[in-house]
Structure formats: C-alpha cells, structure tokens
Amino acid sequence: MKRILFTLLIFCSAIFAEQPNGSNLLNKMIKLMNQKNVKAVMIQTIQTSSGDKRTFEYDSYMGMSGKNSLMRYRKPSRVKGNSILMTDHSDNIWMYNQRTRRVRKLATHAKKQKFEGSDFTYEDMGSGDSWKNDFTPKYLEKTKVENEQCYKIELSKKNKDISYSKLICYLRVKDFFPIQIDYYGKDGELLKTLYMKNIEKVEKILTPMKMIMKNHQDNTQTVMEYKSITYDVEFNKRFFTENNLK
Amino acid sequence: MKFKNKYIKIIFLTICIFGSKIFASVDMFGYFESEGDYIMFENDDYYFGYNKIRLDLLGIPGDKVEVGANIVYKSFNGKTTWNLMNFIPEKYRPINPLSSSTSDRMAYLPIEMSDTLLLDNVYLQLEMKRFRMILGRQQISSGVGYAWNPTDIFNKKDMMDPTYEQTGVDAITIEIPIGLGGNFTGILQPKDNWNNSTKYLKYKQNIGQFDISLSYGQKRKVFNCFNYFDFTNIEYNFIQDMSGVNIVGEFFGIGFWSELGIYNNNLKDSINFFSTCPSYFYEDKNFNEFVIGLDYTFENSLYVMGEFFHTDFGVAIDQLDFTYYLNYFQSNVHGLSQNYLFTNVMYPINGLITIGMFNIANLDDKSVVFNPQIKYLLGNNLEIAFIGSIFYGDEDSEFGTQNYNFRLRLKAYF
Numbered sequence: 001m002k003r004i005l006f007t008l009l010i011f012c013s014a015i016f017a018e019q020p021n022g023s024n025l026l027n028k029m030i031k032l033m034n035q036k037n038v039k040a041v042m043i044q045t046i047q048t049s050s051g052d053k054r055t056f057e058y059d060s061y062m063g064m065s066g067k068n069s070l071m072r073y074r075k076p077s078r079v080k081g082n083s084i085l086m087t088d089h090s091d092n093i094w095m096y097n098q099r100t101r102r103v104r105k106l107a108t109h110a111k112k113q114k115f116e117g118s119d120f121t122y123e124d125m126g127s128g129d130s131w132k133n134d135f136t137p138k139y140l141e142k143t144k145v146e147n148e149q150c151y152k153i154e155l156s157k158k159n160k161d162i163s164y165s166k167l168i169c170y171l172r173v174k175d176f177f178p179i180q181i182d183y184y185g186k187d188g189e190l191l192k193t194l195y196m197k198n199i200e201k202v203e204k205i206l207t208p209m210k211m212i213m214k215n216h217q218d219n220t221q222t223v224m225e226y227k228s229i230t231y232d233v234e235f236n237k238r239f240f241t242e243n244n245l246k
Numbered sequence: 247m248k249f250k251n252k253y254i255k256i257i258f259l260t261i262c263i264f265g266s267k268i269f270a271s272v273d274m275f276g277y278f279e280s281e282g283d284y285i286m287f288e289n290d291d292y293y294f295g296y297n298k299i300r301l302d303l304l305g306i307p308g309d310k311v312e313v314g315a316n317i318v319y320k321s322f323n324g325k326t327t328w329n330l331m332n333f334i335p336e337k338y339r340p341i342n343p344l345s346s347s348t349s350d351r352m353a354y355l356p357i358e359m360s361d362t363l364l365l366d367n368v369y370l371q372l373e374m375k376r377f378r379m380i381l382g383r384q385q386i387s388s389g390v391g392y393a394w395n396p397t398d399i400f401n402k403k404d405m406m407d408p409t410y411e412q413t414g415v416d417a418i419t420i421e422i423p424i425g426l427g428g429n430f431t432g433i434l435q436p437k438d439n440w441n442n443s444t445k446y447l448k449y450k451q452n453i454g455q456f457d458i459s460l461s462y463g464q465k466r467k468v469f470n471c472f473n474y475f476d477f478t479n480i481e482y483n484f485i486q487d488m489s490g491v492n493i494v495g496e497f498f499g500i501g502f503w504s505e506l507g508i509y510n511n512n513l514k515d516s517i518n519f520f521s522t523c524p525s526y527f528y529e530d531k532n533f534n535e536f537v538i539g540l541d542y543t544f545e546n547s548l549y550v551m552g553e554f555f556h557t558d559f560g561v562a563i564d565q566l567d568f569t570y571y572l573n574y575f576q577s578n579v580h581g582l583s584q585n586y587l588f589t590n591v592m593y594p595i596n597g598l599i600t601i602g603m604f605n606i607a608n609l610d611d612k613s614v615v616f617n618p619q620i621k622y623l624l625g626n627n628l629e630i631a632f633i634g635s636i637f638y639g640d641e642d643s644e645f646g647t648q649n650y651n652f653r654l655r656l657k658a659y660f
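In order, the protein sequences belong to chains V and B. At position 44 of the first sequence (counting the first as 1) the number is 44 in the working numbering, and the numbers step up by one without a gap. At position 376 of the second sequence (counting the first as 1) the number is 622 in the working numbering, and the numbers step up by one without a gap.
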C-alpha cells in the first residue's frame, strides 16, 4: 500500500511539474526579453505593400528592463539627429527635432501612432516588462512552430489603455524564448505578427538579431536588425531625461 | 558695456583652437527645397516661388564638444515685389493727406523678396558635468503651443507654416539639469549694451504626466506707428517684460497644453504728435496672451487637434486701423484680432502618404482659411507636399482679402 501511495505521489508531482503555468511562462519570457540595460545600433527597414523599402539606422538605449528608452536617428538625412525619449513604459514620450531644436511632449494617445511609419507603434517599442500588469496570461497548449516545440500562451488585455485585445505568444520549450507573437485587435482580428529570428547568445544572453513585424491588415512589414548590441552598459540617473534628447 | 564683438571673438578663437580636430571629422548633410505658389486675390493671379539649399556642418571633436553651422542660400523667382496694400482691406488703408477726396487712399507699400546667402546657425556646444552651454547663433524655441507661442520672445512664427525651422539667434544659452525632472535654462542675446540685450530665464519641471515651466524674459521691443502727415513709418522701441507659464500633459487620455505670457511695456519714448499708434502704446497695463490646446489620436491613427489663442495685443474689429496691420505684418504682435482658433486633422493613408487639413479662424471677424494638404514621402530622403488655401470671409476681414492659394513644396535631403 505504501509503495502504491508513494508511486502515485511521484506520478502526481511529475504531472503538476510538467503542467506549464501561464504566469510563470510570461515571467520567464519577460525576463529573457527585457535585460536591465541595453545599448545597440539598430537598422530598421520598412517595406510597403508595393515593395518600396525605407531604411533607418538609430542608436538605441534601454534602461530599467525596458521601462525607459531613448532612440537617436543616424540615418537617413531626413531624420538625422532626431530623437525620441520614452519613460514609464512609453506613458511619457518626448520627441526632439534636430533642425528646429524643439522638444515636444506627446500625450499617451500618441502611443498608438506608428513609429516613423513602421509597423511598430510607440507602444510596441516601449512596452518593456509592463505586460505583467497590462495582460492576464493563460497557458493554452504545446505546439510546433517552425519545427520548434513551443508553449502557446494567451495574454488577455486587462489595462484599458492597451491597443490590443490579446496577444498569442509562442515560447520555445527548450529555453522559453519567444519566437512568434500574434497581436489581435478589438474585434478579435489578427493585426500583426512579430517573428524573432537569428536567436544568438550575446554576452551569454539570448538575443533575436532580427525581428520582423508583419502587418496583416496593411500587407506591410518592418524588419529590425541589430548592427551592434551590448548589455554591459550602465546609464547615469539623468540619462533618460529630456535634457539628454539634444 | 560693449561686449558683442568680444563675445564673437571668443567663439571664433574657440573654434580655431578646436579647428584642426573639428574639420578632421566634420559631418555634412542638409536639404534642397523648392517651392512654387500660385495665389489669387482681387481677380489677379500671381506665381512666386523659391529654391533653397541648406548645408549643415557638424563637428564633434570630443565627447563634450560639438560645433555646428548651417549655410543657407535662398533664391526667389516669379513675383518678387509685393504691394502690402493688396493684403489690407481698402477701408483700413491710409488716406492721402494731399488729396481732397477721402477715397484717395494710399495704394502702394512695396516689399521686396531678395536672394539671400546667410550663415543661419554657427554655434559651439559644450557638455560639462553639471550644465550644457551653447555659444553662437543657434535655434531657440520655447513654448508648448503649436501655432502660437506667447512665451517665445525670440522668434516670429508663421501660423500658416508653424513647424518650419526658425532662423538662428545670436545668444549664449546655459541649460542646467536639476534633480531628475527639472531643468533650468538661461539665455542671453547680447546687443550693444546690457539694457538692450534680451534676457530669458526658464525653469521646467516634469511632474507625473505633466511638464510645467515658469519663464521670465526681457527684451527691447520695436513697435511701429504711422505718421499720417507724411506717410512714414516710425519705429518706437522700449523695454518689454514677459512672465510666462507653460503646461503640457493630458487629461483622461486627451493631450492638453497651455501657454500664458503676461507682457508689460515700459514705453519711455515720447510719441510724435502726428503719429498714430496702436492702443497698446498708450495703455499702462499688462497684456495677456494665452494658448489652450487639445489633441487626440484615434485607434485608426486619425489625429485631431485644436488650439485656441487669445491676445490682448489684438484689437476689436471696430477699432482696427492701419497701424495694427503694420505691426502685425512685421510680426511685432502675434495677432491682428484678439481670438483665433487653429484646428488640424491628419490621417496617414499608409507609411508614405498623409492627408490632412488645417484651418485658421479669426473668431472676431468670422473669417477663416481652410488648408487641405497631402504629403507624400518618395523614399528615404525625398518628400513632396501640396497645400491648398481657401480663404473665406468678408472683404474687410483678415482672411477675406484673398481668394485662394496653392503651394507645392519639394524637399530632398542629403
């Protein structure tokens, strides 16, 4: 009898240990995706439905696990020197125009605007680790995406200011790294899909060297690639302030 | 105290000292801009336009030093001489003093658009541990308003093109960050002596989702009066003080901004007996100007905004005369009348094409100009904008003197 009970206990604990939990998976994903500090040079290519391409290059700085970010354009000449500061998960946005030396503070509704006409919105760029507060996670199933065994989790909106009704994330079973995120609109329609490609270890941290955001509504896509990246960086306390935009 | 020459010498010497390093790594960029305008008023139509090239030079000889300059060449074509009287309703044009008829009014007041080559900005920026200093001719922009900035004492903003870059100001600027969200700015625009120099102080603080700033400025201001006896324009200048408050943030998800400037004129000059001046010359009181603006972006990226502007320097329509137009056209004041409304709607059709319409209404004389526009991005560095202007109002009103205007602007960045 004791042996049967012991076997049952082992069996049950194994079942519960195997059963993924949406909240745990979200936490693991956020931890992997939002390192404390990041300094990078990024190349962003926007492809329109007609196949036209526009390319931007900018310096990107992220601090406090994605809570604050600063971007300063290098190319093209049209936007060279312009910069964008987002603090508190893009609740505060300041834009600086280099030619007019003018700083403009945007209200939170501007989060819904496209980032330089790309398929990323300011909200997408500055969300950081705020998903824990903005969404309720739920584990759905194990599934295969691009020959990778993945956990599929659903994040349902709980913060009314968020533009998306839900997100579906696919996390690799082997390391919990997300390789695909589907963004759904208010009426449940699939708006966009973010694909994480070329996942490499940079300074021992898993990094998607290429991210592709496909817009299913407009039939456009935006590719973001790291030209260089380091996590070994510290920012002083005034780095993410308006004064540093210029 | 004459220090302007000394000040220029210091900048020149500093640039020379850093010169060899600067020019080793100078970055050159800029744009070419071409604009053509077709305008129709009083049953006559005219074409005018310009070609402009701006070359930006930027040198960063060290972590803490930046040297920049902009060279601008602008050439005008088409109609380059304008009669200012065409833009002033006939009843406000001065009556010829030598004529026996009261209908014989002044008919010609020319302004000439001439080609220009200028060093628009030339500055040295030093980043110190506790402050940033900018010396030289530089862009200065203050205020949170979109079409009007009551607290901006340096620039003359064109409400038909409010986001266009301003010309540089010869100044010394110091910016000192205070705490995490605070910033102090001090600007001195040196003139021939301390009294005539423009001084500006501002403290800005971020509090939650609001940026709040307090400012004070003093400048030698020029106003124009008109001598009806010999038809000449007389300039009077005096010290003007400005105290200002700016707030920008949001309420219930709707963007909100407000800007208040309180002006005090310290007129010392005695006014020529034959001069006729605007009423703000004579009244010993504070003149208030303020802006209140709201904006919102809908889920589908449709952007709407509205900005109300009031100025005590404007005048009720029954008191309007030629001198108010004179000061308004010379941008000595921000408004001809007292109350204006600017509205703007923009919608990005895709990443390349944006359509919209901005409108400016004079709420006092009930005239308005509607400006539908389309902007097209032809690749990374080429943009084309088409802006139409349709004027509506009585023939004596601010926007009723013209019929319509079409503007095509091409801008190529390099």
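By construction, these hints were calculated from the structure, which means they are not laboratory data. It is possible that some hints are incorrect.
Said to hold, decoys possible - Only pairs whose alpha carbons sit at most 30 Å apart, straight line, appear in this in silico BS3-like list of lysine-lysine:
#1 Lys246(V) - Lys531(B)
#2 Lys114(V) - Lys621(B)
#3 Lys437(B) - Lys67(V)
#4 Lys39(V) - Lys465(B)
#5 Lys160(V) - Lys402(B)
#6 Lys112(V) - Lys310(B)
#7 Lys310(B) - Lys39(V)
#8 Lys53(V) - Lys657(B)
#9 Lys75(V) - Lys621(B)
#10 Lys310(B) - Lys67(V)
#11 Lys403(B) - Lys114(V)
#12 Lys152(V) - Lys437(B)
#13 Lys237(V) - Lys375(B)
#14 Lys214(V) - Lys621(B)
#15 Lys310(B) - Lys36(V)
#16 Lys246(V) - Lys310(B)
#17 Lys337(B) - Lys246(V)
#18 Lys227(V) - Lys310(B)
#19 Lys75(V) - Lys403(B)
#20 Lys53(V) - Lys621(B)
#21 Lys112(V) - Lys210(V)
#22 Lys132(V) - Lys142(V)
#23 Lys325(B) - Lys246(V)
#24 Lys657(B) - Lys75(V)
#25 Lys402(B) - Lys246(V)
#26 Lys320(B) - Lys75(V)
#27 Lys246(V) - Lys612(B)
Owing to the predicted nature of the structure, the values given are computational and were not obtained by experimental measurement.
Each hint tested on the structure:
Taken as a hint, the Lys246(V) and Lys531(B) pair is broken in the structure, with Cα atoms around 38 Å apart against an allowance of 30 Å. Taking the CA atoms of Lys114(V) and Lys621(B), the gap is near 16 Å; set against the 30 Å cutoff, the hint holds. Using a Cα cut-off of 30 Å, the hinted pair Lys437(B) and Lys67(V) is violated, with the two alpha carbons roughly 45 Å apart. Simply put, Lys39(V) and Lys465(B) have alpha-carbon atoms about 44 Å apart, too far for the 30 Å limit, and the pair is violated.
With a C-alpha separation of about 42 Å, the suggested pairing of Lys160(V) with Lys402(B) is violated against the 30 Å cut-off. Simply put, Lys112(V) and Lys310(B) have alpha-carbon atoms about 36 Å apart, too far for the 30 Å limit, and the pair is violated. Among the hinted pairs, Lys310(B) with Lys39(V) is consistent with the structure: their alpha-carbon atoms are about 20 Å apart, no more than 30 Å. Our distance criterion of 30 Å between C-alpha atoms is met by Lys53(V) and Lys657(B), whose separation comes to about 19 Å.
Among the hinted pairs, Lys75(V) with Lys621(B) is consistent with the structure: their alpha-carbon atoms are about 21 Å apart, no more than 30 Å. Proximity of Lys310(B) to Lys67(V) is assessed by CA-CA distance (about 27 Å); at most 30 Å being required, the pair is judged to hold. Straight-line distance between C-alpha atoms of Lys403(B) and Lys114(V) comes to about 28 Å, which keeps the hinted pair within the 30 Å bound. For the proposed pair Lys152(V) and Lys437(B), the alpha carbon gap of about 68 Å is over 30 Å, so the pair is violated.
The hinted pair formed by Lys237(V) and Lys375(B) meets the criterion: a straight-line CA distance of about 13 Å does not exceed 30 Å. Using a Cα cut-off of 30 Å, the hinted pair Lys214(V) and Lys621(B) holds, with the two alpha carbons roughly 25 Å apart. Taken as a hint, the Lys310(B) and Lys36(V) pair is honoured in the structure, with Cα atoms around 27 Å apart against an allowance of 30 Å. The hinted pair formed by Lys246(V) and Lys310(B) meets the criterion: a straight-line CA distance of about 13 Å does not exceed 30 Å.
Taking the CA atoms of Lys337(B) and Lys246(V), the gap is near 49 Å; set against the 30 Å cutoff, the hint is violated. With a CA separation close to 25 Å, the supplied pair Lys227(V) and Lys310(B) stays within the 30 Å bound. A C-alpha spacing of about 28 Å is found between Lys75(V) and Lys403(B), which places the hinted pair at or below 30 Å, so the restraint holds. Among the hinted pairs, Lys53(V) with Lys621(B) is consistent with the structure: their alpha-carbon atoms are about 18 Å apart, no more than 30 Å.
For the proposed pair Lys112(V) and Lys210(V), the alpha carbon gap of about 23 Å is at most 30 Å, so the pair holds. Using a Cα cut-off of 30 Å, the hinted pair Lys132(V) and Lys142(V) holds, with the two alpha carbons roughly 21 Å apart. At most 30 Å may separate the alpha-carbon atoms for a hinted pair to count; Lys325(B) and Lys246(V) exceed this at roughly 39 Å. Distance hint between Lys657(B) and Lys75(V) is fulfilled; the C-alpha atoms sit about 16 Å from each other, no more than 30 Å.
The hinted pair formed by Lys402(B) and Lys246(V) meets the criterion: a straight-line CA distance of about 23 Å does not exceed 30 Å. A hinted pair counts as satisfied when its Cα atoms are at most 30 Å apart, and Lys320(B) with Lys75(V) qualifies at roughly 25 Å. A distance of roughly 41 Å separates the Cα atoms of Lys246(V) and Lys612(B); the hinted pair therefore is violated under the 30 Å criterion.
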